[in-house]
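K.L.:
Whenever a hint applies, use it, and build me the whole structure from the sequences.
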Amino acid sequence: MRVMNKIELTLKEETTIPLEAEVISPDLLAGLRHQEICRLPVYLGRHKARLGDLFSIKGERSSQIYVQGNLSRVKKMGWGMSTGRLCIAGNGGMHLGAGMTGGEIVVDGNTGDWLGAQMQGGLIRIRGSAGNLVGAAYRGNHTGMNRGLIVIEGNAGNMIGEHMRRGVIVVHGDVGDFPGAMMRGGTLVLAGPVGEGPGAGMHRGTIVVLGPCRILPSFKYAAAYKPVFLLLLYRWLKGQGVEIPGDKVEAEYRRYCGDLAETGKGEILLWHEAN
Amino acid sequence: MQVNGVEIVDTFAEAFPMRGARVLVTALSRKWALEAARAATGFATSVIACGCEAGIEEETGDTPDGRPGVNMLFFAVSREELEKQLLQRIGQCIMTAPTTACFNNLEASQHIRVGGKLRYFGDGYQGSKLLGDRRFWRIPVMEGEFLLEDSFGVQKAVGGGNILILAETLEVALEAAEKAVVAMKQVKGIILPFPGGIVRSGSKVGSRYRFLPASTNTAYCPTLRGRVESELPPGVNAVLEIVVDGLELEAVKEAMRVGLLAACLPGVKSISAGNYGGSLGPYHLHLRELLG
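In order, the protein sequence lines correspond to chains A and B. Each residue of the first sequence is one higher than the one before, counting from 497 in the working numbering. Each residue of the second sequence is one higher than the one before, counting from 29 in the working numbering.
For the record, the hints were derived by calculation from the structure and aren't laboratory data. Careful, some of the hints might be misleading.
As a list, the in silico DSS-like pairs of lysine-lysine whose alpha-carbon atoms are at most 25 Å apart [said to hold, decoys possible]:
id, chain 1, residue 1, chain 2, residue 2
1, B, LYS184, B, LYS213
2, A, LYS554, A, LYS502
3, B, LYS145, A, LYS761
4, A, LYS544, A, LYS508
5, B, LYS216, B, LYS59
6, B, LYS59, A, LYS722
Chain B residues, not near chain A, derived (Cβ > 10 Å throughout) [what the hints assert, rightly or not]:
id, residue
7, SER57
8, SER307
9, PRO310
Over the 12 Å line for every Cβ pair with chain B, so calculated as not near, a few chain A residues [unchecked claim]:
id, residue
10, ARG731
11, PRO741
12, GLU763
Given the structure is predicted, the values throughout are model-derived calculations rather than measurements. Ideal Cβ placement from N, Cα and C applies to all residues, glycine included.
P.N.:
What follows is the structure, encoded as structure tokens:
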């Protein structure tokens with residue numbers, strides 16, 4: 497039997513000081529030996545440290561990375577990763593998977609803000625909840641998430657998908673205020689209750705709302721229909737391991753066009769029985 | 029060589045390279061998927077005058093949107109012509125049919141843009157969606173939206189596989205041809221582009237008229253026996269042809285093989301094939317070799 501090679505990192509001691517660890521990425525670790533991995537630089541607050549000082553490390557030369565511990569203060573894991581798999585048994589910190597172009601991140605717990613910010617490809621799956629600005633654009637940029645898939649099985653914070661351009665974000669639980677704000681494209685699927693102002697300032701893109709939601713007055717009702725595109729989307733999501741309840745698949749949706757304060761080319765598809 | 033007392037002529041079908049695409053149409057019901065597919069593959073019997081050869085490959089439930097679907101195959105002499113034909117046929121026959129959606133169903137290294145051009149029908153209100161590596165267009169129409177894939181795969185294909193059924197009577201020829209069609213349609217990756225899969229007006233290259241590039245296959249017309257150099261043995265009074273196009277040469281061969289076997293009924297004198305002396309197409313499908 498072939499034993500799969502992997503790298504295991506276990507946080508030695510929980511920290512209250514933010515730890516910047518963009519080196520925890522399959523792209524980088526896949527080509528390194530154990531000693532080289534231990535010597536990789538990280539920043540604990542403003543102090544430079546070695547990865548081996550803070551994590552006990554097993555394995556080498558693998559694109560399968562397993563990280564354990566309460567990592568809610570560990571930022572930038574999987575930053576810009578393009579391949580491999582990063583599994584986090586516990587909570588993840590801010591900027592997890594930001595700018596990633598490929599590969600897969602799976603988190604058993606919760607994550608902080610800026611999850612998958614400016615992501616360009618790959619898959620992020622969060623078993624718990626996520627913070628604010630999931631898939632958003634960093635300040636000064638006009639393009640947030642631009643391909644890829646983010647699945648959050650719990651709740652999400654405010655302004656998820658802000659400035660999103662392409663890709664799909666699915667949130668099974670509640671979401672905060674202004675999801676899809678300033679969206680340029682892509683698709684948000686919000687299965688739970690939605691906060692204030694969905695799609696505020698959106699130019700293009702689709703927000704699918706399956707739970708209770710208050711539509712902004714700058715969105716205008718268009719029609720009630722069964723979008724074939726949603727059949728396609730839901731089947732595609734099923735192929736990615738994301739199940740949408742059957743009563744919402746072949747269902748009628750109310751289409752609202754907006755934000756008419758902007759170009760009005762965006763849409764909110766509201767499940768007919770949600771409100 | 030004989031099969032069930034039917035002579036298998038020592039000759040070959042001369043097939044030639046084409047470009048092929050597989051297009052999947054789905055709809056709210058099987059009925060409307062078939063309606064759209066029949067319309068899109070209509071008037072597509074021969075590249076001589078139709079621009080492309082097309083047909084329904086199979087009905088399927090394995091579709092991207094989970095609705096009933098029909099796979100169609102389209103063949104043309106070039107990628108450019110195939111793109112032109114798909115634009116016209118999807119635009120006029122599938123987009124116009126109620127509840128339909130249209131998808132690429134061929135993985136290939138080359139692609140032609142169909143949805144990417146038909147999208148302009150949306151007059152600026154069309155929207156695109158990217159799922160994985162596949163782009164789709166949502167074009168607003170009067171009953172909702174027409175969903176169409178941006179690009180369609182194109183691959184090298186084979187056209188012009190054929191068998192000729194030479195029988196004592198028209199009734200026998202038709203029965204044998206119908207049985208052959210049933211058998212050949214079980215092969216995946218091929219179509220029989222003529223009506224019901226059968227053609228009675230086989231053609232030869234050229235004619236006595238300058239403006240006509242193809243004309244009736246005089247050597248196989250029973251009524252011209254005595255006036256022309258006939259290929260028909262004594263006792264043959266009717267000939268029907270089955271033409272087969274496929275995405276792969278092996279599929280064309282297999283379709284010809286099973287069709288040939290199915291057509292060997294009492295009253296069929298011989299099975300032959302159409303060729304142009306080997307000068308037109310690079311694929312020479314020898315009937316006796318097909319039977320091993």
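K.L.:
Taking each numbered hint in turn, which are not upheld by the structure, reported in ascending numerical order?
P.N.:
10, 12
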